[in-house]
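Enquirer: Below are the chains, spelled out letter by letter.
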Amino acid sequence: MDLASFDTALLHATIERALRRGGDFAEVFIEDRESLGLRLEDGRIEQTSGGRETGAAVRLLSGERTYYAYSDAVDEAGLTAAADAVAAAVSAGERSAGLVDLGPVRSDPGRNPVLTPPGEVTIAHKAELVRAGDDAARSVSDEIVQAIVGYGDTRQKVLIANSLGDLVADDRTRTRYTAQVVARRGDVIQTGHETVGGSAGFELLDEVIARRTARTAAEKARVMLDSRPAPVGAMPVVLANGFGGTLFHEACGHGLEADTIAKGASIYAGKMGEVVAAPIVSAYDEGSITNGWGSQAFDDEGVPTQKTLVIEDGRLTGYLYDRLRARQAGAAPTGNGRRQSFRHVPIPRMTTTYIAPGDADPDDIIAATPRGFYAKSLAGGQVEPASGNFVFGVAEGYLIEGGRITTPLRGATLVGNGIDILMKIDMIAGDFEVKTGICGKDGQGVPVGTGQATLRIAEMTVGGTG
Amino acid sequence: MFEILDAVLERAQALGAADVEVFGERSTSRRIKVYRQEVEQLTAAQRRGVGVRVFSGGAVGHAYTSDLSDGALDALVRQAVDNAAVSDPDEFMALPRPQGEPADVHPYDARLADATDEQRIAVALEVEAAALAADPRVKTVEDSMYVDADGDVFIASTAGVRGSFRAGQCYAFAYVLAEEEDQVETGYSYGVGRALEDLDAASVGSEAATRATRLLGARKCPSMKAPVILDPFVSAAFFGVLSSALTADAVQKNRSLFAGREGERVAGDLLELVDDGTLPDGLDSAPFDGEGIPSGRTPLISGGVLQGFLYDTYTARKAGRASTGNGMRGGYSSLPGVRPSNLVVAGPATPLDEIVAGMEQGVLVTDAVGIHSGANPISGEFSVGISGVRIENGSFTTPVREVTLAGDIVGMLMGIRALGDDARWVPGGSVFTPSVVIEGMSIGGT
Numbered sequence: 001m002d003l004a005s006f007d008t009a010l011l012h013a014t015i016e017r018a019l020r021r022g023g024d025f026a027e028v029f030i031e032d033r034e035s036l037g038l039r040l041e042d043g044r045i046e047q048t049s050g051g052r053e054t055g056a057a058v059r060l061l062s063g064e065r066t067y068y069a070y071s072d073a074v075d076e077a078g079l080t081a082a083a084d085a086v087a088a089a090v091s092a093g094e095r096s097a098g099l100v101d102l103g104p105v106r107s108d109p110g111r112n113p114v115l116t117p118p119g120e121v122t123i124a125h126k127a128e129l130v131r132a133g134d135d136a137a138r139s140v141s142d143e144i145v146q147a148i149v150g151y152g153d154t155r156q157k158v159l160i161a162n163s164l165g166d167l168v169a170d171d172r173t174r175t176r177y178t179a180q181v182v183a184r185r186g187d188v189i190q191t192g193h194e195t196v197g198g199s200a201g202f203e204l205l206d207e208v209i210a211r212r213t214a215r216t217a218a219e220k221a222r223v224m225l226d227s228r229p230a231p232v233g234a235m236p237v238v239l240a241n242g243f244g245g246t247l248f249h250e251a252c253g254h255g256l257e258a259d260t261i262a263k264g265a266s267i268y269a270g271k272m273g274e275v276v277a278a279p280i281v282s283a284y285d286e287g288s289i290t291n292g293w294g295s296q297a298f299d300d301e302g303v304p305t306q307k308t309l310v311i312e313d314g315r316l317t318g319y320l321y322d323r324l325r326a327r328q329a330g331a332a333p334t335g336n337g338r339r340q341s342f343r344h345v346p347i348p349r350m351t352t353t354y355i356a357p358g359d360a361d362p363d364d365i366i367a368a369t370p371r372g373f374y375a376k377s378l379a380g381g382q383v384e385p386a387s388g389n390f391v392f393g394v395a396e397g398y399l400i401e402g403g404r405i406t407t408p409l410r411g412a413t414l415v416g417n418g419i420d421i422l423m424k425i426d427m428i429a430g431d432f433e434v435k436t437g438i439c440g441k442d443g444q445g446v447p448v449g450t451g452q453a454t455l456r457i458a459e460m461t462v463g464g465t466g
Numbered sequence: 467m468f469e470i471l472d473a474v475l476e477r478a479q480a481l482g483a484a485d486v487e488v489f490g491e492r493s494t495s496r497r498i499k500v501y502r503q504e505v506e507q508l509t510a511a512q513r514r515g516v517g518v519r520v521f522s523g524g525a526v527g528h529a530y531t532s533d534l535s536d537g538a539l540d541a542l543v544r545q546a547v548d549n550a551a552v553s554d555p556d557e558f559m560a561l562p563r564p565q566g567e568p569a570d571v572h573p574y575d576a577r578l579a580d581a582t583d584e585q586r587i588a589v590a591l592e593v594e595a596a597a598l599a600a601d602p603r604v605k606t607v608e609d610s611m612y613v614d615a616d617g618d619v620f621i622a623s624t625a626g627v628r629g630s631f632r633a634g635q636c637y638a639f640a641y642v643l644a645e646e647e648d649q650v651e652t653g654y655s656y657g658v659g660r661a662l663e664d665l666d667a668a669s670v671g672s673e674a675a676t677r678a679t680r681l682l683g684a685r686k687c688p689s690m691k692a693p694v695i696l697d698p699f700v701s702a703a704f705f706g707v708l709s710s711a712l713t714a715d716a717v718q719k720n721r722s723l724f725a726g727r728e729g730e731r732v733a734g735d736l737l738e739l740v741d742d743g744t745l746p747d748g749l750d751s752a753p754f755d756g757e758g759i760p761s762g763r764t765p766l767i768s769g770g771v772l773q774g775f776l777y778d779t780y781t782a783r784k785a786g787r788a789s790t791g792n793g794m795r796g797g798y799s800s801l802p803g804v805r806p807s808n809l810v811v812a813g814p815a816t817p818l819d820e821i822v823a824g825m826e827q828g829v830l831v832t833d834a835v836g837i838h839s840g841a842n843p844i845s846g847e848f849s850v851g852i853s854g855v856r857i858e859n860g861s862f863t864t865p866v867r868e869v870t871l872a873g874d875i876v877g878m879l880m881g882i883r884a885l886g887d888d889a890r891w892v893p894g895g896s897v898f899t900p901s902v903v904i905e906g907m908s909i910g911g912t
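Quick note, the sequences are listed as chains A and B, same order.
As numbered in this note's numbering, residues 1 to 466 make up the first sequence, in order.
As numbered in this note's numbering, residues 467 to 912 make up the second sequence, in order.
Heads up, some of the hints might be wrong.
Claimed, not checked - Only some residues are given here: those of chain B computed to face chain A with a beta carbon under 8 Å:
| id | residue |
| --- | --- |
| 1 | ALA510 |
| 2 | PRO602 |
| 3 | SER709 |
| 4 | SER710 |
| 5 | GLY851 |
| 6 | THR870 |
Please keep in mind that the hints were generated in silico from the structure rather than gathered at the bench.
Quick reminder that beta carbons are idealized off the backbone N, C-alpha and C, glycines included.
Given only the sequences and the hints, what does the whole structure look like? Please build it.
Expert: Laid out in structure tokens, this is it:
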């Protein structure tokens, strides 16, 4: 299926058909996605899997209402059925918007250049990198008992047309390599995790990078074998660069997404311009980072991605909008309307969200902390946007004593409140780094970047078993 | 759909593949969200596709497509064969063979398809109205939903596996925000059924409201070692995480803390834990699993003693035994993997008020955040953030939040000393569980 030369007249007719009983915005989203996944465990590449999913969705907005229908059939019959399903849901008397003729197709292929399309690389070569990761992880120590190494690439082509006359084509390639390694000593079992990925092609990876990624995961697991149970209590917490950014993503980022704002279900609702963080904190969501894992040229509503300042010097300056919430709020969309696939309604989502780096030296931050907790790698976490309360597992953590990183600690969690911890950030370093992740919300997983520089939170609750 | 499955088998055989299995899916679903007594979102979905596994000398290739045209089926089969060429062979990996008659379970009620959109919307509206009416401190019902799914699955293989069934379920869900003096607390509830008529929308809304309002005024409590009561929602989440360690896959890959402990005491002696894919009202009940193997009933823990693990065809061959019918698929694009069907937590029940009355110090846990990130199913250690209500001298006292609950999974299982009389189905993994009382937990507060 060649989306770039898709029948524009059929798109127009579908939008018109969807709007025929009322509604003030209609959109067609067509997707053609090819994926390949390789997974190695126990030294074996397991059931290799790949495939192609195509589908079309029709969305109709009427006031605050969303009607959505999709089908795996990307043809006139499928589009007509979807348009009829949404039109049938409109109550009599809902007002109908005008329909602007579709303009020429917009695309921005230079935004996330792909030097080596993964489809042009043999599966055998991809498999070699996965095996190299297994070898590298196991060579770290005899205590490495398991390595799970994964490689995945997707090429997702989308075509988005709407009643405003927008017609956007976006061709997205993503490549990612992951390693999860298990180390064991007697009854103590620990795991380590590392990833590399981007909105880019196979040029992201080679054997050196694959080996380094797996080795890093293995070293994390091995170090944690020496750990003792983390203490319980409030103490200064230093969050490392890279994976430490998960905390900002979960504890603050979700509360900036405009759907939670619109329902007053976020601690950031009604606080525009107010102080929500320490004055040294500025933060961004940036979907336009070249080749970033969370980046794409356009969001899934055809809006170009951008760099959005969400916190400036401690004051709240922006929310993350999709078209629907932007329209309701009288704001401009920010390129954050994302969906997992044609089977999902677009909602406001982060892209790459981060606290801007400062100018401290990471070593000085540790040295300035007589006793505290150093969270090098977070395992992920959960947050309630309404209260801002969150909890995080710490995958790799250490005690800080006398201004030095000492004993590894296991079983620690970080518990707190989003605004509270942002207010308590008192040092930010310059060692900015972004990691790749998949963020889940409302049953939809989308690729996101999380990152930050090393920073310190003056006091935070650490929950442990020691 | 069987014509398409047969066409795939023929094409694969024409390419020289002898051992081939094809899985097909065709379904429709509705998802309705209301907000402030208006429909906020209505989604109508149609889904169909096929996935094929090619087995070649112990190596497997998998491919899937939603495009069922002739050309797409050709590409599908070629890709599966190519993928098999890069997978490593494994002597225990082989095409599943027929293993007896499908289980006598019919997870479908024809009334599901008779429902109109008006009736479905009415369920979601009633959920929201009941939540708002339950308490003036309920200001917002962030989610009031009705969701259903109605679909057929099909399987056929060159080994003679051949079958299909229809399954349907629906649920109502509420997620409520309650507010008082600048404090916001949340609560949720579900109702599940095979048809819309099975759902009690009003009680879903009012229960979610109660779960939110009883947390108002919550604050940290002192750190202590004390018994806790996990309510059925929290218990279901814990047993859901735990169940991954009870799969043969985790055991064989050295990822289970239960490996090699069959016949040992691993839990309080009253605990019975069973996987049962044949229960008439089980959300994940089915005649057969994603490999065409009949669903069954598998005791996992009995009298506190570990009985065994869950198997699919591959892990069963490796262990020299038969599959338990737990080769589950997420859909046509997914490979089968070992997972529970319906997990049932059972044992002698004690009335919940009697349990509370007998407790000098403790916490009723009604929400736990971070179970999936804070619990490590490999090492068994966990530390999660909890909300709930404190119990002092046999009565509920103040609500608590921002406290942590920490321990290790086996210690927690061994500490189980009573089960409530409030067992219910919890979706999102399909667990049937009562409240569970556990002694000696570390509660981290002030």
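Enquirer: Against each hint, give a clear statement of whether it holds in the structure.
Expert: Hints, one by one, checked against the model:
1. ALA510: Holds, about 4 Å.
2. PRO602: Nearest chain A Cβ about 16 Å off; hint violated.
3. SER709: Constraint on B/SER709 not satisfied, violated at 18 Å.
4. SER710: 14 Å, violated
5. GLY851: 3 Å, holds
6. THR870: Holds, about 3 Å.
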